[in-house]
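A.B. asks: Residue strings, one per chain:
Protein chains: 2
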Amino acid sequence: MNKRAVILLSGGLDSATVLAIAGSEGFDCYTMSFDYGQRHRCELEAAGRIAAALGAVKHNTVKIDLRQWGGSALTDDALAVPDAEDSHGIPITYVPARNLIFLSFATAWAEVLGARDIFIGVNSVDYSGYPDCRPKFIESFQETARLGTCAVDEGWHYSINAPLQNLSKAEIIRRGVALGVDYGLTTSCYNPDSEGRSCGKCASCSLRIAGFREAGVPDPTRYHR
Amino acid sequence: MNKRAVILLSGGLDSATVLAIAGSEGFDCYTMSFDYGQRHRCELEAAGRIAAALGAVKHNTVKIDLRQWGGSALTDDALAVPDAEDSHGIPITYVPARNLIFLSFATAWAEVLGARDIFIGVNSVDYSGYPDCRPKFIESFQETARLGTCAVDEGWHYSINAPLQNLSKAEIIRRGVALGVDYGLTTSCYNPDSEGRSCGKCASCSLRIAGFREAGVPDPTRYHR
Numbered sequence: 000m001n002k003r004a005v006i007l008l009s010g011g012l013d014s015a016t017v018l019a020i021a022g023s024e025g026f027d028c029y030t031m032s033f034d035y036g037q038r039h040r041c042e043l044e045a046a047g048r049i050a051a052a053l054g055a056v057k058h059n060t061v062k063i064d065l066r067q068w069g070g071s072a073l074t075d076d077a078l079a080v081p082d083a084e085d086s087h088g089i090p091i092t093y094v095p096a097r098n099l100i101f102l103s104f105a106t107a108w109a110e111v112l113g114a115r116d117i118f119i120g121v122n123s124v125d126y127s128g129y130p131d132c133r134p135k136f137i138e139s140f141q142e143t144a145r146l147g148t149c150a151v152d153e154g155w156h157y158s159i160n161a162p163l164q165n166l167s168k169a170e171i172i173r174r175g176v177a178l179g180v181d182y183g184l185t186t187s188c189y190n191p192d193s194e195g196r197s198c199g200k201c202a203s204c205s206l207r208i209a210g211f212r213e214a215g216v217p218d219p220t221r222y223h224r
Numbered sequence: 000m001n002k003r004a005v006i007l008l009s010g011g012l013d014s015a016t017v018l019a020i021a022g023s024e025g026f027d028c029y030t031m032s033f034d035y036g037q038r039h040r041c042e043l044e045a046a047g048r049i050a051a052a053l054g055a056v057k058h059n060t061v062k063i064d065l066r067q068w069g070g071s072a073l074t075d076d077a078l079a080v081p082d083a084e085d086s087h088g089i090p091i092t093y094v095p096a097r098n099l100i101f102l103s104f105a106t107a108w109a110e111v112l113g114a115r116d117i118f119i120g121v122n123s124v125d126y127s128g129y130p131d132c133r134p135k136f137i138e139s140f141q142e143t144a145r146l147g148t149c150a151v152d153e154g155w156h157y158s159i160n161a162p163l164q165n166l167s168k169a170e171i172i173r174r175g176v177a178l179g180v181d182y183g184l185t186t187s188c189y190n191p192d193s194e195g196r197s198c199g200k201c202a203s204c205s206l207r208i209a210g211f212r213e214a215g216v217p218d219p220t221r222y223h224r
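As they're listed, the protein sequences go chains A and B. Quick note on numbering that gives the first Met the number 0: the first sequence kicks off at 0 and runs consecutively. Quick note on numbering that gives the first Met the number 0: the second sequence kicks off at 0 and runs consecutively.
Hints are not guaranteed to be accurate.
[What the hints assert, rightly or not] Here are the computed lysine-lysine pairs in the DSSO-like style, where the Cα-Cα straight-line distance is at most 30 Å:
#	chain 1	residue 1	chain 2	residue 2
1	A	K62	A	K135
2	A	K62	B	K200
3	B	K62	A	K57
4	B	K2	B	K62
5	B	K62	A	K62
It is worth saying that the hints were derived from the structure and are not from the lab.
Using the sequences provided together with the hints, build the complete structure.
C.D. replies: Right, here's the structure in full:
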């Protein structure tokens, strides 16, 4: 029997690549998405398509409500998603403690599945400024997860795998293309229209557009402006 | 303006005492409970009553579904809640990564509220064997929360307060009585009947009964057997 891994899958380019990488390493992949009240809910449908296309054993959409306290342009309609050039410091699209919550749920599911590996598509190169994407946070979470679960008494630990941590967006795209990822299934936009077409202007779109250009790979994204 | 704190409130004896302690320290208290699919949902009503009685500014019940993967007698109807004497090692009532998930949500809410203090009723003396109640986990979480939020860039940290960590159940009860906690509002049982009456036999009931006896305080709990 293959080893199991839980893969955090957003429906975007990065986490789709992570799923392909985990699969290529021989893991049976259990994918997890979050319906958290995000503005860009079309990513949830994308996540389901990606999980199926890349052969996940089971795909789980966890419903939580981060909109009840807001605090981010992605979870509060009163806050607008800025164009990429407006960003400085920690962006308004940062969702408080989001990856902390996502990784905590992944740890819970992993514990029940008997999985010791968790994969997440955080990245430090084409860098968003989100504190919960940095290596020090990921390392610290790994230790906290060990101490807060059966792992500590049983003498093992979770591995929080972040295989994109040191790759540029172009390198991520080249890696995914080599592994057969269909990026036409993915969506990265923070501010898509009702048909799921991307804005082409937000920070996430800008990084994605530049990545395809630099990788020399045709951009399969549908834009609405 | 008083400082704000987020208090994890289960509806049980310990967290009610924690809320009273936080209030006595001058915090404006924002209480948070979780409807996670637990067998003992009557604790949610208790939490609301306790929050009101002890003057919480706002009480928030967060709905999450830990029943979708089970793995605990509290979240899987196929697993029975054992009587206290059956327990050894990490008990079957341990819910995988529960406090990790609860603290992660508390961190998210605290970040939006501008609160730097989080209170949790974990305890090492009358000890359940749950890994996510131990001081090393709490300390590690505190550092992970700092690294995964705005705190790291702004140069401060969350304080995860566990004021019951080194108290016996009897000491907790005496402390709460001194602070005016009405323990008749609380419920600790893992296996209550449909009217919210306690079983008197599970590990949680056994600790509670012994605590009232040792504290010399009349036990206000309603039992069904």
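A.B. asks: Give a verdict on every hint.
C.D. replies: Structure-based check of each hint:
no. : hint             : result
1   : A/K62 <-> A/K135 : holds, 28 Å
2   : A/K62 <-> B/K200 : violated, 34 Å
3   : B/K62 <-> A/K57  : holds, 23 Å
4   : B/K2 <-> B/K62   : holds, 26 Å
5   : B/K62 <-> A/K62  : holds, 9 Å
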